[in-house]
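Keeping their order, the protein sequence lines are chains A and B. With my numbering, the residue at position 73 of the first sequence is 73, and numbering never jumps. With my numbering, the residue at position 62 of the second sequence is 62, and numbering never jumps.
Just so you know, not all the hints are guaranteed correct.
[Unchecked claim] Over the 12 angstroms line for every Cβ pair with chain B, so calculated as not near, a few chain A residues: (1) T49; (2) N97; (3) A102; (4) G109; (5) G147.
[Unchecked claim] Only some residues are given here: those of chain B computed to face chain A with a beta carbon under 7 angstroms: (6) H38; (7) L58; (8) T61; (9) L65; (10) K69; (11) L72.
Rather than coming from a laboratory, the hints here were simulated on the basis of the structure. All values derive from a computational prediction rather than experimental measurement. Each residue gets a CB set at the ideal place from its N, CA and C atoms; glycine is no exception.
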Amino acid sequence: MKSKAVLTGLLLLLVFTSFSFKCDSGGGVTDPYRKAAKAADDIAASLNTMTKIKRDLGTSGKLSPDRERALTDLLLKANTADKAFVAQIKKLKADPNPATKATLCSLFGTVSSTLTDLNNNGILPIDNADSKSKLTTVFNTITAASGIIASVGLCN
Amino acid sequence: MDNLLNLLQSLIPLVGPLVPGAAPATEIAAAAAALIRHIQQQTGKTTDQILADADATLDETEKMLLEDKIRLGG
Chain A
1 MKSKAVLTGL
11 LLLLVFTSFS
21 FKCDSGGGVT
31 DPYRKAAKAA
41 DDIAASLNTM
51 TKIKRDLGTS
61 GKLSPDRERA
71 LTDLLLKANT
81 ADKAFVAQIK
91 KLKADPNPAT
101 KATLCSLFGT
111 VSSTLTDLNN
121 NGILPIDNAD
131 SKSKLTTVFN
141 TITAASGIIA
151 SVGLCN
Chain B
1 MDNLLNLLQS
11 LIPLVGPLVP
21 GAAPATEIAA
31 AAAALIRHIQ
41 QQTGKTTDQI
51 LADADATLDE
61 TEKMLLEDKI
71 RLGG
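So that you can see chain B by itself, here it is in the shape it has in the complex:
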């Protein structure tokens, strides 16, 4: 699994440079990398810690979505 993870992580930085100035792709690659990190960090955590992480992530997402609702005018 480590090899797979290394391969996956090595692919992410390649997305941006393929098309110079392709900011959206870079942002998406960063978001995907963050998801990988999040999943990877579950290993070794207790169930309570995983649930606490889920709570924190859900709170952050809610905040972003409420900001987006304001930006989009309700």
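Bound-form chain A, shown alone:
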């Protein structure tokens, strides 16, 4: 019962998040960096949420210390990659040029790679089905945000 409610809430969260990608308000003028910025912010917020859930599962014994340690390292890598990506969006926004854009695309590749690693080596190996389900649901939000960045055309 508890798991169903949590899962339902988090799935609705994913739906709502997907809606947020489609609503590009708050400027009036189309900003080519806005969608990437929003998606990078969504990834940041999702990593933050996942960190809190991981901490909660770890301290309540639903995640082994070894598994939590692995997740912590992978989340830190993904967080660092998103940080570099956000910094590069700022640079590109201030001074759009091909070199800065190429670096941004390279950093997006790093973000994607760390997220794949987070899923494959951090979430999928978790034995506890309930813990895995909670983390996977939040991870789906990250995947959606990552897909938005890929689709906005910054790296075409």
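Got chain A sorted already, so can you dock chain B onto it with the hints?
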């Protein structure tokens, strides 16, 4: 979208009371609610403000993860 958000927000407080004393579920619901608030607050913000928010969130997450690394012994 407001209706969807209201529905989502109304579900979050239900998670804890379903199982008395289920602290972990309550914590997770709170974390999910915080994520909703964060996404909701993007509306009406400039791109620069969104990027500044992302920076602040990433800094907070980094701090938590470094604390966790210490707790877990490296």
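Cross-check of the supplied hints:
Not every beta carbon of chain B lies more than 12 angstroms from that of T49 of chain A, the smallest distance being close to 4 angstroms; the non-interface claim is violated. Listed as outside the interface, N97 of chain A is consistent with that label: its C-beta sits roughly 18 angstroms from the nearest C-beta of chain B, beyond the 12 angstroms cut-off. No Cβ of chain B approaches the Cβ of A102 of chain A within 12 angstroms, the least distance being about 20 angstroms, so the stated non-interface status holds. Residue placement check: G109 of chain A keeps its beta carbon more than 12 angstroms from all beta carbons of chain B (closest about 18 angstroms).
Interface exclusion of G147 of chain A from chain B stands, the closest Cβ pair being 16 angstroms apart, more than 12 angstroms. For the restraint placing H38 of chain B at the interface with chain A, the shortest Cβ-Cβ distance is roughly 4 angstroms, inside the 7 angstroms limit, so the hint holds. Annotation: interface hint on L58 of chain B holds; nearest CB of chain A at approximately 5 angstroms, less than 7 angstroms. Using the Cβ-Cβ criterion of 7 angstroms, the hint placing T61 of chain B at the interface with chain A is satisfied: the shortest such distance is roughly 4 angstroms.
A least Cβ separation of about 5 angstroms between L65 of chain B and chain A falls short of the 7 angstroms threshold, and the interface hint therefore holds. For the restraint placing K69 of chain B at the interface with chain A, the shortest Cβ-Cβ distance is roughly 6 angstroms, inside the 7 angstroms limit, so the hint holds. The restraint placing L72 of chain B at the interface with chain A holds, with a minimum CB-CB distance near 5 angstroms, inside the 7 angstroms limit.
Consistency with the previously given hints fails for number 1 only.
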